[in-house]
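*Asks:* Kindly produce the complete structure, drawing on both the sequences and the hints.
There are 2 protein chains.
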Amino acid sequence: MRIVVDAMGSDQAPAVEVEGALQAAQEYGSEVLLVGDETAIKKELEKHTAVSNKISILHAPERIEMDEPAALSVRRKRKSSIVVGLDIVKREEADGFVSAGNTGAVVCAATLSLRMLPGIERPGIAIVIPTLLGTSVIMDVGANINPKPLHLFQYGIMADAYCKYILHKENPKVGLLNVGEEETKGTEFVKEAHTLLSESKLNFVGNIEGRDIYTGNVDIILCDGFVGNVILKVSESIIDTLVKALKNEIKSNLIATLGAALASSAFNALKKKMDYAEYGGAPLLGVDGRCIISHGSSNPKAIKNAIRVAGEFKTNSVNKHILEELETY
Amino acid sequence: MRIVVDAMGSDQAPAVEVEGALQAAQEYGSEVLLVGDETAIKKELEKHTAVSNKISILHAPERIEMDEPAALSVRRKRKSSIVVGLDIVKREEADGFVSAGNTGAVVCAATLSLRMLPGIERPGIAIVIPTLLGTSVIMDVGANINPKPLHLFQYGIMADAYCKYILHKENPKVGLLNVGEEETKGTEFVKEAHTLLSESKLNFVGNIEGRDIYTGNVDIILCDGFVGNVILKVSESIIDTLVKALKNEIKSNLIATLGAALASSAFNALKKKMDYAEYGGAPLLGVDGRCIISHGSSNPKAIKNAIRVAGEFKTNSVNKHILEELETY
Numbered sequence: 002m003r004i005v006v007d008a009m010g011s012d013q014a015p016a017v018e019v020e021g022a023l024q025a026a027q028e029y030g031s032e033v034l035l036v037g038d039e040t041a042i043k044k045e046l047e048k049h050t051a052v053s054n055k056i057s058i059l060h061a062p063e064r065i066e067m068d069e070p071a072a073l074s075v076r077r078k079r080k081s082s083i084v085v086g087l088d089i090v091k092r093e094e095a096d097g098f099v100s101a102g103n104t105g106a107v108v109c110a111a112t113l114s115l116r117m118l119p120g121i122e123r124p125g126i127a128i129v130i131p132t133l134l135g136t137s138v139i140m141d142v143g144a145n146i147n148p149k150p151l152h153l154f155q156y157g158i159m160a161d162a163y164c165k166y167i168l169h170k171e172n173p174k175v176g177l178l179n180v181g182e183e184e185t186k187g188t189e190f191v192k193e194a195h196t197l198l199s200e201s202k203l204n205f206v207g208n209i210e211g212r213d214i215y216t217g218n219v220d221i222i223l224c225d226g227f228v229g230n231v232i233l234k235v236s237e238s239i240i241d242t243l244v245k246a247l248k249n250e251i252k253s254n255l256i257a258t259l260g261a262a263l264a265s266s267a268f269n270a271l272k273k274k275m276d277y278a279e280y281g282g283a284p285l286l287g288v289d290g291r292c293i294i295s296h297g298s299s300n301p302k303a304i305k306n307a308i309r310v311a312g313e314f315k316t317n318s319v320n321k322h323i324l325e326e327l328e329t330y
Numbered sequence: 002m003r004i005v006v007d008a009m010g011s012d013q014a015p016a017v018e019v020e021g022a023l024q025a026a027q028e029y030g031s032e033v034l035l036v037g038d039e040t041a042i043k044k045e046l047e048k049h050t051a052v053s054n055k056i057s058i059l060h061a062p063e064r065i066e067m068d069e070p071a072a073l074s075v076r077r078k079r080k081s082s083i084v085v086g087l088d089i090v091k092r093e094e095a096d097g098f099v100s101a102g103n104t105g106a107v108v109c110a111a112t113l114s115l116r117m118l119p120g121i122e123r124p125g126i127a128i129v130i131p132t133l134l135g136t137s138v139i140m141d142v143g144a145n146i147n148p149k150p151l152h153l154f155q156y157g158i159m160a161d162a163y164c165k166y167i168l169h170k171e172n173p174k175v176g177l178l179n180v181g182e183e184e185t186k187g188t189e190f191v192k193e194a195h196t197l198l199s200e201s202k203l204n205f206v207g208n209i210e211g212r213d214i215y216t217g218n219v220d221i222i223l224c225d226g227f228v229g230n231v232i233l234k235v236s237e238s239i240i241d242t243l244v245k246a247l248k249n250e251i252k253s254n255l256i257a258t259l260g261a262a263l264a265s266s267a268f269n270a271l272k273k274k275m276d277y278a279e280y281g282g283a284p285l286l287g288v289d290g291r292c293i294i295s296h297g298s299s300n301p302k303a304i305k306n307a308i309r310v311a312g313e314f315k316t317n318s319v320n321k322h323i324l325e326e327l328e329t330y
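Protein chains in written order, with this note's numbering: chain A, 2 to 330; chain B, 2 to 330.
Please keep in mind that the hints were generated in silico from the structure rather than gathered at the bench. Just to be clear, a hint being listed does not mean it is correct.
If several chains are the same, the list does not tell them apart, and a pair holds so long as it fits within one copy or across any two.
[As the list claims (entries may be wrong)] Calculated pairs, BS3-like style, for lysine-lysine (alpha carbon to alpha carbon, straight line, at most 27 Å): (1) K80 / K186; (2) K149 / K186; (3) K245 / K174; (4) K234 / K174; (5) K302 / K202; (6) K91 / K80; (7) K192 / K91; (8) K43 / K91; (9) K302 / K44; (10) K186 / K245; (11) K248 / K234; (12) K149 / K202; (13) K165 / K302; (14) K80 / K174; (15) K245 / K170; (16) K186 / K234; (17) K43 / K55.
Since the structure is predicted, the reported quantities are computational estimates derived from the model, not experimental observations.
*Replies:* Set out below in structure tokens:
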């Protein structure tokens, strides 16, 4: 398995990407092609004693920054790590692509370069979230902020394949995010998506509300990319806020401080469960290839797991399963 | 001050409403007219030794249930506590209305009965949330799931008045919820709202993201009612989920259990800060009258505070301030 990693993507690039690649090479035997500033990548590699012969480097002199406009930067920076890296996957010289860089740029470049799977109109990002019962998937979390009802139906098909063949869930339950459970609720967009999903062969359980997301009662939560993006960012921030607020409360009280020290084992165990790095990034589904988008603040473990997941998408033929399912409609 | 309370609204109606009304009469000297099933209300009142002479009852034989379709139930159940109660405010026989019932039905009945403030096109629900720095307001959280850019601009004007004259914040900072900070981000709807808000006299700081909501960096977060509704419900559920997950972790470990017992004072202090009941419900802004919508799971304190806030809307002439501000455009 040979995976291309955008070495210039994350907030701490290329250190995090280099370490993640080395871990993936060691743990999974993955071949990794690091694309980016050759000098910077080499410098990082030199910090590690056990340099793997499975790691190679391809120089890409340009970098798309986090705050650059997606479409424009992809058009202008043809020698960026994102554009160069995806072209290698396009030419089938590698099996998948991983980037913790500018999400919009990755979506745009992947769509232009890899093109869509036949029959799929728009790509979507599927992300795994921890819930009370295990994990669920939200799709889309920002690839497509203005989707049509048909796109949500296709997200259902794709997220279903992701759940079955990567997360190994049987017959995943699909819910449509809405402001109420009744069929009559919501915008015209959501109502039309409800009709399409009801007529599908998915295990569609109907509308769900914001309060149902973290209960784990459904395996797949479908929503437009604007709402999905907000949910994801609110969730991250509310956890941070609660932890900070709790620390402030605890500091102001000596007995509580002692108690908190004792309770910290529980906090840490919980933190591990909530650890996004475990799930290794979010696949961009719908493109004709394998592309995993990781968080900008990824650590090496997150990159390592993203490389693993990119490989599993090939091994488990996820795109083939999506196409076979689509053909039955 | 005379406030009408829908006695049949909350999940534990009319017990919660009766106790909240008695508390408001005692603490603030409010006159409260409880509207609903007279027998049930009387039965609840009899449970309290110190019955106030400030409490009166108006019989309304019908009740709109939580899961009934809003518009239809308001048209059909003309003798429901919501419709009857709002008509009293319409006739100016009371100063405001409080309900913990079916939100959609309250919005619909209030819009039909009280009508809109001149110049305001749509009502919106403004809700106070706790943040790291104190409190902020999100508007709209579900009155209008398909707004136009102009509605968001008007929400800005109304939430600004709410912040200034009820929450006593000077020159509140207004943010527009989007998927990125740059002006070029988002749907056409959000971009047009951005333009209108930029040209306004509000203290508009531009786009904010989901991760900024709980930091408290802005005082007012503007969004469409679909997104606002999802945010609110996700926030509630994620706090519940974290507490449950933490309890599960703690149970599995004896030292952590001891620690948690000691830390519980901190948890309780935090819980108080996060306590929605403190803020007494969410005003429906834009209607020509005063209408406070409380959570279905309200406790007596939440009802008491909602009665207080309804009174403050009159005392502090919030609607007059909104109209004066609108006239300057």
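*Asks:* Pop the pair K192 and K91 into one bin, within, between, both or neither, using alpha-carbon distances up to 27 Å.
*Replies:* Neither way: K192 and K91 sit 37 Å apart in one copy and 34 Å across, limit 27 Å.
*Asks:* Quick one: K248 to K234, C-alpha cut-off 27 Å, is that within a copy, between copies, both, or neither?
*Replies:* both (21 Å within a copy, 25 Å between copies)
*Asks:* Could you figure out if K43 and K55 sit no more than 27 Å apart (CA to CA) within one copy, between two copies, both or neither?
*Replies:* Answer is within: at 14 Å inside a copy they meet the 27 Å cutoff, but 80 Å across does not.
*Asks:* Between copies, within a copy, both or neither: which fits K234 and K174 at Cα up to 27 Å?
*Replies:* The answer is both: 24 Å in one copy and 20 Å across copies each meet 27 Å.
*Asks:* With 27 Å as the alpha-carbon cut-off, assign the pair K186 and K234 to within, between, both or neither.
*Replies:* both (25 Å within a copy, 16 Å between copies)
*Asks:* Have a look at K165 and K302 and pick one of within, between, both or neither, based on CA distance no larger than 27 Å.
*Replies:* Result: close within a single copy only, 24 Å intra versus 47 Å inter.
*Asks:* Is it within a copy, between copies, both, or neither that the alpha carbon of K149 lies no farther than 27 Å from that of K202?
*Replies:* within (19 Å within a copy, 35 Å between copies)
*Asks:* Have a look at K43 and K91 and pick one of within, between, both or neither, based on CA distance no larger than 27 Å.
*Replies:* within (25 Å within a copy, 75 Å between copies)
*Asks:* For K186 and K245, with the copy left unspecified, which applies at a CA distance of at most 27 Å: within, between, both, or neither?
*Replies:* neither (37 Å within a copy, 30 Å between copies)
*Asks:* Which holds for K80 with K186 at a C-alpha limit of 27 Å: within a copy, between copies, both or neither?
*Replies:* For K80 and K186, the Cα distance is within 27 Å only across copies (24 Å; inside one copy 47 Å).
*Asks:* Checking an output row: K80 and K174, CA cutoff 27 Å. Within, between, both or neither?
*Replies:* neither (42 Å within a copy, 41 Å between copies)
*Asks:* Could you figure out if K149 and K186 sit no more than 27 Å apart (CA to CA) within one copy, between two copies, both or neither?
*Replies:* both (17 Å within a copy, 19 Å between copies)
Hints 5, 7, 10, 14 from the earlier list are contradicted by this structure; the remaining hints agree with it.
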